[in-house]
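Just so you know, the sequence shown maps onto residues 1 to 115 in our numbering.
Derived from the structure by calculation, the hints contain no laboratory data. Note that the Cβ used here is the ideal one computed from N, Cα and C, for glycine as well. Hints are supplied without guarantee of correctness; some may be wrong.
[To be verified] In silico DSS-like pairs for lysine-lysine, Cα to Cα no more than 27 Å straight-line:
id: 1; residue 1: Lys-64; residue 2: Lys-43
id: 2; residue 1: Lys-71; residue 2: Lys-86
id: 3; residue 1: Lys-64; residue 2: Lys-86
id: 4; residue 1: Lys-86; residue 2: Lys-43
[As the list claims (entries may be wrong)] If you anchor each label on the Cβ, the simulated ranges turn out as follows:
id: 5; residue 1: Asp-52; residue 2: Ala-14; range: 17 to 25 Å
id: 6; residue 1: Gln-100; residue 2: Gly-42; range: 15 to 23 Å
id: 7; residue 1: Arg-47; residue 2: Asn-76; range: 17 to 25 Å
id: 8; residue 1: Ser-115; residue 2: Gly-26; range: 34 to 42 Å
id: 9; residue 1: Glu-88; residue 2: Asp-52; range: 22 to 30 Å
id: 10; residue 1: Gly-8; residue 2: Glu-88; range: 15 to 23 Å
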Amino acid sequence: QVQLVESGGGSVQAGGSLTLSCAASGATVSNVEMAWFRQAPGKERERVAIMDRVSVRSYANSVKGRLAISKDRAENTLYLQMNSLKPEETAMYYCYLATQFYSYWGQGTQVTVSS
Numbered sequence: 001q002v003q004l005v006e007s008g009g010g011s012v013q014a015g016g017s018l019t020l021s022c023a024a025s026g027a028t029v030s031n032v033e034m035a036w037f038r039q040a041p042g043k044e045r046e047r048v049a050i051m052d053r054v055s056v057r058s059y060a061n062s063v064k065g066r067l068a069i070s071k072d073r074a075e076n077t078l079y080l081q082m083n084s085l086k087p088e089e090t091a092m093y094y095c096y097l098a099t100q101f102y103s104y105w106g107q108g109t110q111v112t113v114s115s
């Protein structure tokens, strides 16, 4: 059974930084595709960053140069380093993992950016 547990969310001022973590169990993060999504109130869930099985990274245009996705094999954890945060990036952030047959979501961690 795969479980994903996010942490690291919180409240920051515009321009600040946060690092989100997603601890995985039941799967090896380095062997699977993983991503970060976010969903603001009243809006659709959007993917902000993805890292595939061979560590190729891709980002939404709105976050390029400010957010960085990474995996730590030893910790079996996915990270999202977020810099220069904007108020419009206030949202619930979700970790996502996909195997060949199934996909899994974490419970989410709230990020609030004040102006």
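Now the hints, each set against the structure:
Between Lys-64 and Lys-43, the direct Cα distance comes to roughly 21 Å. Compliance with the 27 Å bound is thereby established for this hinted pair. A distance of roughly 24 Å separates the Cα atoms of Lys-71 and Lys-86; the hinted pair therefore holds under the 27 Å criterion. Note on Lys-64 and Lys-86: the hinted pairing holds, with a Cα-Cα distance of about 13 Å set against a maximum of 27 Å. For the hint linking Lys-86 to Lys-43, the alpha-carbon distance of about 16 Å falls within 27 Å, and the restraint holds.
For the hinted restraint 17 to 25 Å between Asp-52 and Ala-14, the CB-CB distance of approximately 31 Å leaves it violated. Hint check: Gln-100 to Gly-42, Cβ distance near 34 Å, so the stated range 15 to 23 Å is violated. For Arg-47 paired with Asn-76, a C-beta distance near 22 Å keeps the hint of 17 to 25 Å intact. At roughly 40 Å, the beta carbons of Ser-115 and Gly-26 sit within the given window of 34 to 42 Å.
For Glu-88 and Asp-52, the hinted distance range of 22 to 30 Å is satisfied, since their beta carbons lie about 27 Å from each other. Take Gly-8 and Glu-88: their Cβ atoms lie about 19 Å apart, and the range 15 to 23 Å holds.
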